[in-house]
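There are 2 protein chains.
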Amino acid sequence: MSEAHTSTQARGSRLVQRVLEATLSQLAQVGYERLAIPEIADLVGANKTSLYRRWPTKLELVADALKLAMQHTEAAPDTGSLRGDLLALTRVMGEFTQSSLGTAVLRLVLAQDTHPELRELAAAAQQAGRDHGPWLVIQRALARGELSASSDPSLLLFTLAGGILHRVFVERVRVDDAYLQRLVDLLLLGAKPR
Amino acid sequence: MSEAHTSTQARGSRLVQRVLEATLSQLAQVGYERLAIPEIADLVGANKTSLYRRWPTKLELVADALKLAMQHTEAAPDTGSLRGDLLALTRVMGEFTQSSLGTAVLRLVLAQDTHPELRELAAAAQQAGRDHGPWLVIQRALARGELSASSDPSLLLFTLAGGILHRVFVERVRVDDAYLQRLVDLLLLGAKPR
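Going down the list, the sequences are from chains A and B.
Sequential numbering of the first sequence, starting at 1, is according to our numbering.
Sequential numbering of the second sequence, starting at 1, is according to our numbering.
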C-alpha cells in the first residue's frame, strides 16, 4: 500500500469521526426529525455527496453515531467491592447523561414514537449494552455474596440510571460524588431502618 | 347573572379545557418549538384571535396547560403502610409517565436547553409538586418509624420517579404492578442481603 493511500485512509477515518461527532451534536441540539445530512456536511466542511455515499440514509448515519456514543458506557470497574464498583459505574453514567451525548440519546429515544424506524436501532443499542461492564460488576458481587440471590441485577442498574436521568433532566442539578454516594447507598441498603 | 351569561361562561370554560388538552397533546407530538397557537385553534375549531386574547404568548398557554397536567400528580394515598402508600404513588406516576402527558412534560423539560424562558415555568411546576401528596406519605412513614431518620425523602421519591422514567422511555416496557412492587421493594429494602 502506498504512503499516499494510507494518508488518504487516515484523512477518511478522521472525517468519519468528525461527521459522527457532528451528528451527535446535531441530534442533541435539533433532534432526529430536523437532522439533515447536507447540514452536517456543511458543519464539517465536506461534500454532501461523499456523506451520502457512505450513509445513504439519515437512519444509517444515526446508527453509526449511536455506536460511537455508546462506547462511553462500556466501563467494567473492579474496585473490590460492589459499592466501589457501582460508584465508578454511576460516575460514568453521570458524565454520559449530562454530556451532549446523553441529550442526543434521550432525544433519539423520544423520537421513536413518531419515527418507528428508530425502534430497531434503539433496541440494538440496549442489547449491546447488556453484554458489557455493568454485568461483570454484578457477577462479581454475586460471587462475593454482596447481593441477595433473589436480587434483580437489571432492576438495580436501570434504577441507578433512572435516578441519574431524573437528576439531570428533571431536577436539572449536576450529578456530583455526594449525590452518587447517596444514590448507591439507597439502592444497596434501602430506605427502611436495618 | 343571566342564564345566557352563565351558559356563555360554561362554553368558555369548556373551550379553555379543550385548548389546554390540545396544547398538551401537541407538546407530546411535536414539542414546544413547533407548537403554534393558530394550529391549536384549528384543532379545537376556534378562532385564533380568541386564543391570543387569553394567551398572548405560547409560553403563557403552555404554563396553563402544564398546571392542568400536574393536577394528576397530587395524590396523597393513606393505606396505613409506607409500602402500600408508595405502591399507590408509583401507580399514579406510572400512568402519568406513560400517558401523552408524561411525554409532553419530558419534551418540555428537554426544550429548556434551547428555550431558557421555559426554565422558570419548569422550576415552578417542580416547586408546586413538593407541597403535595408524596410529602405527606413521607411524614406519616417517619412518624411510624418506617423510614430511618437519616433517610432522604426527596432522593427516595425522585429515584422512584427516575426508575419509572427509565422503564417507560428507555426500556420501552409498560409499567405494571409486578414491576412497581419490585421497584418499591428495592428502594425500601436495598439490594444487599439483610
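It is possible that some hints are incorrect.
Note: identical chains are not told apart, hence a pair may lie in one copy or across any two.
[Stated by the list, open to error] Below, simulated SDA-like cross-link-like pairs (lysine to any residue); rule was C-alpha separation at most 20 Å, straight line: (1) K192 with S50; (2) K48 with R140; (3) K192 with L142; (4) K192 with R144; (5) K67 with S150; (6) K192 with R83; (7) K192 with D152; (8) K48 with Y179; (9) K48 with S100; (10) K67 with Q29; (11) K67 with V92.
I should point out that these hints are in silico values taken from the structure, not numbers from a laboratory.
Comparing the hints with the structure gives:
1. With identical chains, the CA atoms of K192 and S50 are never at most 20 Å apart, being 59 Å at best within one copy and 54 Å at best between copies.
2. In this homomeric assembly, K48 and R140 never come within 20 Å of each other (Cα to Cα): the closest approach is 48 Å inside a single copy and 62 Å across copies.
3. In this assembly of identical chains, K192 and L142 lie within 20 Å of each other by CA distance solely across copies; the values are 10 Å between and 22 Å within a copy.
4. When the C-alpha separation of K192 and R144 is checked against a cutoff of 20 Å, the pair qualifies only between copies, where the shortest distance is 11 Å, while the shortest distance within a copy is 24 Å.
5. Taking the shortest Cα distances, K67 and S150 never come within 20 Å of each other, neither inside one copy (33 Å) nor across copies (42 Å).
6. In this assembly of identical chains, the alpha carbons of K192 and R83 lie at most 20 Å apart whether taken from the same copy (18 Å) or from different copies (10 Å).
7. For a Cα distance limit of 20 Å, the shortest separation of K192 from D152 qualifies both inside one copy, at 19 Å, and across copies, at 11 Å.
8. Proximity of K48 to Y179 under the C-alpha cut-off of 20 Å is found in neither arrangement, the shortest distances being 44 Å within a copy and 47 Å between copies.
9. With identical chains, the CA atoms of K48 and S100 are never at most 20 Å apart, being 24 Å at best within one copy and 37 Å at best between copies.
10. Taking identical chains as interchangeable, the C-alpha atoms of K67 and Q29 lie at most 20 Å apart only when both belong to the same chain, with a minimum of 19 Å there against 27 Å between chains.
11. In this homomeric assembly, K67 and V92 come within 20 Å of each other (Cα to Cα) only inside a single copy, at 17 Å, whereas the closest approach across copies is 35 Å.
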